[in-house]
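Undergrad: Given next are the chains, with one letter for each unit.
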Amino acid sequence: MNVGSIKRKKRKYLCVAFLLCIQSVVSGCGNKTPEQSAAPAYYEYEAVTEIKDGQPDIYVVLKVLTSQYWQDIVAGIRDAGTEAGCNVYVGAAAGESDWESQKFLLEEAEQAGADAVILAPGNSSALSETVSSLHSQGVPVILVDTILNDTDSFDTCYMTDNLQAGELAAEEMIRLLRENGISEDASVSIAIQITSASSQTVIDRLAGFNQYWSANAPKKWIVLDEVKKNDGDSSIAQQNCMDFLESYPDVKGVFGCNNSSTVGFVNGLTQTGRQDVILVGFDYADETARLVESEDWQASVVVQSQYYMGYDGLMEAVEILNGHAPEYKFVDTGTRVINHENYLTYEQSITGDGK
Amino acid sequence: MKSQMKNKEKPNIGYMRLIIAYITFCLVVLLTVVILLSRYISKNNTAQINNILSLMSEKVNTSFEMMIDYIEEAADLISARKFFSFEDNYEELQQTLVNMPYFSVGLLDMDGNVYGTAGERIDMEKQNFAEAANSTEDIFISEPYRSSVTGSNMISIFAPIYHDEERVGSIFVTYYLETIQNLAYTDILSEETAVFLMNPYSGNFVNCSVIDNQPSGTWSNIRLVKHEIDCFQGYDYDIWLDNMKQNADENIINYRQDNKAYSQAYVHIDGMKNWNLVIRIPITLLSNTMQQYFISIAIGAALLILATLLLAATLYRREHDKTEVLQKLSDADPLTKIMNRRGFHGMMKALFADKAALGRCTFVFLDVDFFKHVNDRYGHEAGDYVLCTVAAVLKETFQDVGIVARVGGDEFNVFVQKPLSVEDMDSMLATVRMKLNGLVLEDGTPLPISFSAGLAVYPRDAKDLKTLIHCADQALYHVKENGRKNHCWYRDLHE
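Just so you know, the sequences run in chain order G and D.
1 is the number of the first residue of the first sequence in this note's numbering; add one for each residue after it.
1001 is the number of the first residue of the second sequence in this note's numbering; add one for each residue after it.
The set of hints was computed from the structure by calculation and includes no laboratory data.
Because the structure is a prediction, the values reported are computed rather than measured.
Possibly wrong hints are sitting among the right ones.
[Said to hold, decoys possible] Partner residues aside, some chain G positions facing chain D, computed with beta carbon under 10 Å: (1) Ile147; (2) Gln211; (3) Ala215; (4) Val223; (5) Glu226.
[Stated by the list, open to error] Stretch-level coverage of chain D by chain G, calculated; a stretch enters the list once three of its residues show a Cβ under 8 Å from a Cβ in chain G: (6) 1114-1126; (7) 1134-1148; (8) 1202-1208.
For glycine and all other residues, C-beta sits at the position ideal for the given N, C-alpha and C.
Bound-form chain G, shown alone (with noise of 0.2 Å):
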């Protein structure tokens, strides 16, 4: 498949999403029928490098595009395809859990002889079928983001240990608390608010934060078992954490899994102006850094290393090209914290690639 080609499907697919939603407005959006269904939107293949006669073409498929989280993945994607010498075309999803598209993409890039595969699969278990067909083909297939769990035809995985990036929330927040001059002794109870208990990063999330907290916390320092759920809604995880705070006066911490719930509590913290209790959170959102900045507030994020997981990956891919067999299954791209002692230093090392 060459780049006009995929230019002229893309027109197509934009006119069939054109004319499905107008559908969707006329029949009702909750009338999906099976036309509707077998030709979902979606992003379709666009070249991220220059396309050179010659060079290895490999396909990424992503979950979604929209974020700056997916477009840091690109960018690691691009400038490792650019070092290496790489036709790469990058397609994706139009919702996080939407496998339905990418089953197609990935059936699309086996047709179009794809030389190797990136795939951030959208459901852990539904795409195995596909990436098991073209794995047994000879084609590399490099995981980011999230691992299959029921197959092993892929050949490595490069994403986040959430478990860990949990521990490492827990341990930043008993820092600031003893930091803040809480002592042992105090009854201290933290909030946890996560996106839905249906996705498995920020539950690993939480098991993490729980799983290092039992362990080193003092003993009347305890987590509360109400965990709020806020489905990814700012307004929802602002509620939630005055909810918390005015249900549960002894709260000094707060805990964000994942970036809308960092932000939800980022907002309801403001706007209460309590500025005794300490926020540890996901991802580096505006309103986030705008609290970790601040000497006023106590306030941490955990970041994780999104660039180099498209950067790795692509390099691996590239290396099983080359004939070299990887040494890992799965690799742990990293976490780290980012406070107020440290965040110059992380906001200069993001600008202009996502690094």
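Use these hints to put chain D onto chain G, whose structure you have.
TA: Just chain D now, kept in the frame of chain G:
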């Protein structure tokens, strides 16, 4: 006519009551059996499940001990060697990998150096296993972790090794998490048994197999599911977690989640700090088997009741038919085929037993004029012919509004249950008279027939049956005294 039908069915009410009583009795017995059986099944089922859990816990515990025994034996073997070299021991251990349940085996020295694959070195360093393993004099079992080598969730078991009675490091083996699930495997319960690793302090639990559509190695936390858990039979989840922390004997809990009932038990694992194995079995598993017997019993009982009812219905139908024939025979006049005196009086008594249901009615007493003369002159056959004709004409005329009966030799009664006017009744009797006019015998001989009739009206002329008949009879007598071939209303006698 409806009331006539009603009266005919009245004798069946007792029978129907008997049937209803029988069905009620059967249902009460069946219901009692169902309740008692359900209670028994539920009680027995829970007891059986708990027994199975205890046995399974023992099996898992024994299997785990065997895993630990293996590594302890390997550690003893290495420790007993006179010449110790990590490299040589590691090389030798790799030869033992074939046909072993574990995935890999390696060594650690006291400085934390790992004799294993590059991936194992990364994992040991990342998880701080070397420090934890070398600091204990006993067995150390790791938490579940995602292996760099396999990408899957694994656990590692470490045992201390010595040289010249001095601690020199540890030996470790790594297992896939599914291996633990396999420890609890039984042929019968393979699909239904769920095995978790659970830490009661953090509330974390890790699937050892695919459980509730979540793959093996999936972590979760009790805080996310606790609100869905509904304990029964006096169990309490927090107490159960506390028991787990204290390794108490009361290791079983019964609860419902997502409309399913479960029984689960924990097994303490030596060497795996704060972690326990939890085995879960759906209580319905045995119930389903018992349920099949239960359903069979219920179906059998229902069929038995149905068969009894069918038999009773058949017997009743036969009896009813027989009674009906006999009734018809005893209530019918054999010559004219209309109701006889016995049947008519019986029905009249029944009707007058419920006077509230009666409206304005007319009683007609009718007598064929000079019937004896017909018999004497034309013979008995002609007489019979006359009676049959009169009966047929009366029936034809009055069948939609009343009851017709032959109550004596040439005497007929008509009871008109509808409130017809005098004019209507006069018209109907005129019709009868007209139809009987011009009657001829088979040989063409003319047979002049007439009749006299007396009429009385309930409740105007009489308030009871006996008086009503008497009134009609008096009116008839009056007609007979005054030249016959006519009819007279009792009321007219006094005007």
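Undergrad: So which of those numbered hints doesn't the model satisfy?
TA: Hint check: nothing fails, all pass.
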